[in-house]
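Here's the letter readout for the chains.
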Amino acid sequence: MSAGYRNAAAAAAVLLALCAVPFLAGKFTTYLAIRIMLLGIFAVGYNLLLGQTGLLSFGHGAFYAAGAYGLGLFGVHVSNNPLLGVAAGVAAAVLLALLVGYLCVRHTEIYFAMLTLAFGMMVFSLVWNAREITGGDDGLIGIVRAPVSIFGMARMPIGKDSQFYFFVLFFFALSVWAAHRIRHSPFGLALSGIRENARRSEFAGVPVRRYRLAVFVVSGAFAGLAGSLEALLESNARPFMAHWTHSAEPVLVSLLGGLSSLAGPLVGSAIFVAMREIIQRFTENWMLGFGIVLLVIIMGFRGGVTGTLSALFRKAPARERG
Amino acid sequence: MGESLLTTHRLSNHFGMVCTARDLDLTFERGVLTSIIGPNGAGKSTLVNLITGHLPVQAGVIRFQGRDITRLPIHERVRMGICRSFQIVNVFPELTVAQNVMIPVLARTGRSWRPLRSLSRETEAMRETEAMLAKVSLLPERDTPANALSHGDLRLLEVGVALAAAPTLLFLDEPTAGMNPVERVRLLDNIRQLAREGRTTFVVVEHDMDVVFSLSERIIVLHRGEILCDGTPGQVRSDGKVREVYLGDDVSDLFRYREE
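Line order of the protein sequences matches chains S and U. So that you can map any letter, position 60 of the first sequence is 60 in the working numbering, and since no number is skipped, the others follow by simple counting. So that you can map any letter, position 123 of the second sequence is 123 in the working numbering, and since no number is skipped, the others follow by simple counting.
Quick caveat, the hints were computed from the structure, so don't treat them as lab data. Glycine included, each C-beta is placed from N, C-alpha and C at the ideal position. Check the hints yourself; a few may be wrong.
Some but not every residue of chain S turned toward chain U, in silico, with C-beta under 8 Å [said to hold, decoys possible]: (1) 118; (2) 122; (3) 125; (4) 158; (5) 162; (6) 181; (7) 193; (8) 196; (9) 200; (10) 201; (11) 203; (12) 207.
Based on the sequences and whatever the hints tell you, model everything.
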C-alpha cells in the first residue's frame with residue numbers, strides 16, 4: 001500500500017512539473033516536450049503489446065497514420081472540432097487494428113512480426129498512392145487547430161504551442177493512467193500469463209487469441225491517439241507515419257527505457273527525442289550515433305534504463321539492512 | 001458403475017508410420033480414480049493430449065457429458081471442465097505463485113476480462129487463490145516467483161494451476177516425476193483427499209507402479225496405441241498379457257503388490 005502511495009505522489013509531482021514547462025521553458029523546449037509526450041503515448045500503449053503480452057509488432061505506424069489521417073479527413077470534410085477529430089482518429093485506428101489484428105494474432109513471434117510489417121507497409125503504399133484522398137507524398141494539409149469547445153461552451157484556444165501543450169498533456173496523463181490500470185488489472189495479469197506461457201494460458205481457460213486481439217486493438221488505439229495529436233501539432237498528416245521505420249520507434253524506445261515497467265517507454269521516449277535533437281546538431285546521420293547509444297544500453301543496461309536504475313535502488317537499501 | 005463423464009469413440013492418432021492411438025473406445029466415470037499405464041511410447045500422453053485438445057484429433061469422436069468436443073478449442077474444454085497438468089513443469093515462470101493460480105481462477109469466473117479494474121480489489125478471487133494454495137501446501141510461498149521454487153514445489157504448483165480451473169475431469173501427466181519421497185507422499189495425499197471431496201475426477205498417467213497401485217480404483221494399460229487391459233488393480237495384476245508386456249524392470253513391482 002505504501003508503495004502505491006509513493007507511486008501516486010511521484011506521478012503527481014511529475015504532472016505538476018509538466019504543467020510548469022510552458023511557463024518556465026522556451027518555445028522550442030515546449031515543442032520538444034510535446035513530441036516526447038506524443039512518442040510516450042505511442043510507446044506506452046505499444047508496450048502493452050510488447051512488454052506485457054510478448055508480441056512484437058512492426059506495423060503500429062499504420063495505426064498512428066490512421067489516427068492522423070482520420071483526424072485530418074474528419075477535420076477537412078466534417079468538422080474541425082479537435083475533440084471530435086481526435087475521437088475520429090482513434091476510431092479509425094481501432095477499426096484498422098481490428099482488421100489487421102484479426103488476421104495477425106493467429107500467428108506468433110517472427111510470423112506475427114513479419115505479418116504486421118507487411119500490413120503496415122500496405123497501408124503506407126495505400127496512403128502514398130491514394131493522392132485524391134490523402135494528398136499522396138505531399139501529405140494531407142489544411143489541418144487547423146480550432147479552439148476546443150464542449151457543446152459550444154467554454155471555448156479554449158489551442159492555436160499556440162503553449163496552449164496546445166495542455167491539450168496534449170491531458171491526453172498524455174489519460175493514456176499513462178489507462179496503461180497503468182490495464183497493467184494492474186485482471187486483464188493485465190492474463191496478458192502476462194500469455195507472455196509467459198501461451199499454451200498454459202489456454203489450459204487455464206484463457207481464450208488466448210481473443211486476448212491478443214484485444215490488446216492489439218488497445219495498443220492500436222493509443223497509436224491512433226498519438227497520431228491524431230501529431231496531425232494537430234504539425235497541421236498535416238504524412239505517409240511516412242505508416243512507414244516501418246516509424247513503426248520501429250516504439251520498439252526502440254521500449255528497449256531503451258525498459259520493457260517491464262510503465263515508466264520504461266516514457267523514459268525511453270524522453271531520451272530518444274532529446275538525443276535526436278542533440279545528435280542532429282553535429283551530424284546528419286543521427287541514426288549512427290543513436291545506434292551506438294542503443295548498443296551500449298542493450299548490452300550494458302539489462303532491462304533498459306529504468307530496469308537498471310530500479311535494480312540499483314533495490315540493492316542499496318538491502319545493503320543497509322545488512 | 002457411476003455416471004459417464006467422457007467417452008472416446010474410435011479415437012486414433014498417427015505420427016507418420018507410428019501409431020500412438022488405434023481406435024480407442026474408452027469411458028471415464030465420475031468419481032473413479034483412474035490410472036493410465038504402459039511402457040514408453042504406449043500412447044499414454046497422446047491419449048491425454050487428444051482428449052484435452054493439445055493435439056488435433058485425426059480420427060474418432062470425443063464426447064464430454066454428452067456433448068461432442070472433438071474439435072473444440074482448448075480454453076472451451078477447460079471452461080466445460082476438462083483440464084490437465086503437464087509432465088514437464090509448464091507454469092508461468094516469472095509470475096508469483098499466487099499469480100500463477102490466480103490466472104485460472106479469474107478466467108473461470110469470467111473476471112479476466114476487466115481492463116480497468118484493480119487486481120487488488122478482486123478479493124474473492126484472492127481468497128479462492130489462497131484456499132487453493134493451502135490445498136497444495138504452497139501458501140507460504142505465495143509471493144515467490146515460480147522460477148525460484150524447488151522442483152517439488154514446482155510440481156505442486158503445476159497441479160495447483162490445473163486444479164484452480166476447478167475441473168470436473170482432471171488429467172495429471174506423471175504428477176510425481178522427479179519428486180523426493182516426502183514430497184511424493186504429500187502430493188498423493190493431496191490427490192486422494194481431493195478425490196474424496198468428489199468435485200474432481202482424477203485420471204493419472206504414471207510410470208511409478210507404487211503410485212499406480214496405491215492410488216487407483218481403475219487401471220488402463222496401453223500398449224502400442226491399443227488398450228491391453230482395463231480393470232481394477234487386481235484384474236490388471238493377474239492379466240497375462242500385461243505380464244508379457246511388462247517383462248522388464250516393472251514386472252517385479254507389479255507382482256510385489258499381489259502379496260499386500
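Tell me if residue 162 (chain S) is really an interface residue toward chain U, meaning its C-beta lies closer than 8 Å to one of theirs. The hint is violated - residue 162 (chain S) has no Cβ within 8 Å of chain U, the shortest such distance being about 32 Å.
Can the hint on residue 125 (chain S) be confirmed by a CB-to-CB distance to chain U that is less than 8 Å? violated, 33 Å
Evaluation of the interface hint that places residue 181 (chain S) against chain U, nearest CB under 8 Å: OK, holds: residue 181 (chain S) within 8 Å of chain U, min 5 Å.
Return the status of the interface hint for residue 196 (chain S): holds when the least beta-carbon distance to chain U is below 8 Å, violated otherwise. holds, 4 Å
Does residue 118 (chain S) pass the interface check with chain U, least Cβ-Cβ distance below 8 Å? violated, 26 Å
Given hint residue 203 (chain S) near chain U, where the shortest CB pair must fall under 8 Å: holds, 6 Å
Hinted contact residue 158 (chain S) with chain U - closest CB pair below 8 Å: Violated: closest Cβ of chain U sits about 28 Å from residue 158 (chain S), beyond 8 Å.
Under 8 Å, Cβ to Cβ, is where residue 201 (chain S) needs to be relative to chain U, so tell me if that hint holds or is violated. holds, 7 Å
Can you verify the interface hint for residue 193 (chain S): is its Cβ closer than 8 Å to any Cβ in chain U? At 4 Å from the nearest chain U Cβ, residue 193 (chain S) passes the 8 Å test, so the hint holds.
Taking the closest Cβ pair, is residue 122 (chain S) under 8 Å from chain U? violated, 29 Å
Does residue 207 (chain S) meet its interface restraint, that is, does its C-beta lie within less than 8 Å of any C-beta in chain U? OK, holds: residue 207 (chain S) within 8 Å of chain U, min 5 Å.
Restraint satisfaction for residue 200 (chain S) [CB to CB of chain U, less than 8 Å]: holds, 5 Å
Violation of the numbered hints given earlier is confined to hints 1, 2, 3, 4 and 5; the remaining hints are satisfied by the structure.
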